[in-house]
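S.K.: Using the sequences plus the hints, can you model the full thing?
To convert, note that position 480 of the sequence shown is 1627 in this note's numbering; the numbers rise steadily by one, no gaps.
Just so you know, the hints here were simulated from the structure itself, not pulled from any lab data. Quantities reported herein were computed from a predicted structural model and do not represent experimental measurements. Please note: incorrect hints may appear among the correct ones.
[Said to hold, decoys possible] So the derived label-pair ranges between C-beta atoms look like this:
id : residue 1 : residue 2 : range
1  : Asn1233   : Asp1299   : 40 to 50 Å
2  : Leu1461   : Cys1559   : 14 to 24 Å
3  : Glu1547   : Ile1527   : 22 to 32 Å
Each residue gets a CB set at the ideal place from its N, CA and C atoms; glycine is no exception.
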Amino acid sequence: MLKISDTEDDPSLVPPEGINYRDMIYELPVGVIHLDINGDILFVNRTILELLGSRSEEVTKSFNIFTFKPLQDAGIADIVENSIRNNKNLTAEVPYTTIWGKELYLRIKVKPFRDKNGNITGCVCTAEDISRRKQAELLLEHRVRMESLIADVSAAFIGSKSVDMDRTISMALQSISEAIEAESACLLELHGEHFIVTHEWHEINSQHQGFGFQELPVKEIEWLINSLKKQSTIFLSDGPDAAEGKEERKLLKQLGINSFLAIPMLNKGKLLGFIAFTPLKKENKWILEYLQLFGMLGEIFVNSIERKRASWKLRQSEEKYRRIFHEFHDIYFEVDLEGRILTTSPSVYRHLGYEPWELIGCHVDTVYKYPEDRDFLRSILDANGYVNDFEMDMLKKDGETINVSTSAHYVCDDVYQPIVAGVIRNITGRKSIISEIQQQKKLLASTFDSIPDFLAVIDKDLRVMLSNWKDRGYISEEEKLSNPLCYNCFMHR
1148 MLKISDTEDD PSLVPPEGIN YRDMIYELPV GVIHLDINGD ILFVNRTILE
1198 LLGSRSEEVT KSFNIFTFKP LQDAGIADIV ENSIRNNKNL TAEVPYTTIW
1248 GKELYLRIKV KPFRDKNGNI TGCVCTAEDI SRRKQAELLL EHRVRMESLI
1298 ADVSAAFIGS KSVDMDRTIS MALQSISEAI EAESACLLEL HGEHFIVTHE
1348 WHEINSQHQG FGFQELPVKE IEWLINSLKK QSTIFLSDGP DAAEGKEERK
1398 LLKQLGINSF LAIPMLNKGK LLGFIAFTPL KKENKWILEY LQLFGMLGEI
1448 FVNSIERKRA SWKLRQSEEK YRRIFHEFHD IYFEVDLEGR ILTTSPSVYR
1498 HLGYEPWELI GCHVDTVYKY PEDRDFLRSI LDANGYVNDF EMDMLKKDGE
1548 TINVSTSAHY VCDDVYQPIV AGVIRNITGR KSIISEIQQQ KKLLASTFDS
1598 IPDFLAVIDK DLRVMLSNWK DRGYISEEEK LSNPLCYNCF MHR
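M.R.: What follows is the structure, encoded as structure tokens:
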């Protein structure tokens, strides 16, 4: 029983007569418990009963503080015992779940209680429900952690090279999973009518391995997709009162997953995929308070994936043009305004007998048979800004002459200085063929005209295409032009 200390020595503290202090303490807004030295409850007020959700004062008094398991698990029994044994005033803040299922966060104050002789006979405990304040503190703490996590993940992606992006994504999935206490994480990208798992992380010895499959048909998660398109981070659990996402919850149940967090990855309003975390511990209710913050993580992942795709496309283009450059039949070249060769394609060996490295840094006069061609070519470039099919002769490494056709124009290099870039085509074979054709044509004409009999080649419209009479004065050019038909030219002569 709680007793009021003797106050005779201080008249100002003498309590007024007629006041029932037991009833006053019973109605205090702070919970009060009086215990004996063995941990048996001697007195509890109404607030304690309300805090604990107890059915009655008698039921509560039937518990022993030191042996009651919920109090032992919460550490309250140790606090009380420590206060009594060591004669200390102690204060602690502890989470506590009553046997009736009520979850609390309590501030406990314990003060040893002495009799008139100064002997400790027990203690007085006060208990205050600070659940709301603690929840606000925890939410603030989690927000700080989330903002720090977002900053760390963002910094990791910014500092990551494109070739390391896959590893950075996996590490980010791990960091986020550990922060929200999820066992598995998957990144799914939309490809046609399926979401494909491209990256995943799983806790060691986890019973859950993401979704349990590597692709997910769009038609099976239509509600989820529509929600994600609205820039909503979605949290699903196996609660019985859930009205939305029935098909998705059914799918999760089939996979043995009791909770699921999906973060959308949107680019200009288009859903590219989503990040999923499964399962989440039920006590992580703070996650629901900061679903919008998770959306920022989705944006970070989208940027990283776009960087990866852009890098992949760039590598593909580089490989494509490198392959074209190496397989290019003609000679590609770049020359500075002083005439020094800056670069040339590997095909230079096929045509001139030089390896590219042998010519880089050399003057173009090394391969020009007639140095004056360079000045003439430069004058055309300066006049027009380009040159098309300029024919000239070049010298091979072994001294042999080849005929080439050059096309070039002005471009800027990496530091925006003008240089000449162009293509050299080996036309030696073509020139030889043309020369041979001309010789054959002359031989044919000479043979044709030397035949003494009249010969004529006539087309289907009776036009004279060729005749050995043209050099014999039978038909003048004027007459042939004015009377081109075979009949007029020959039959009436």
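S.K.: Each hint: holds or not?
M.R.: Results of checking the hints against the structure:
1. Asn1233 - Asp1299: 40 to 50 Å: Given about 43 Å between the Cβ atoms, the range holds.
2. Leu1461 - Cys1559: 14 to 24 Å: Distance hint for leucine 1461, cysteine 1559 holds at roughly 21 Å.
3. Glu1547 - Ile1527: 22 to 32 Å: Distance hint for glutamate 1547, isoleucine 1527 holds at roughly 26 Å.
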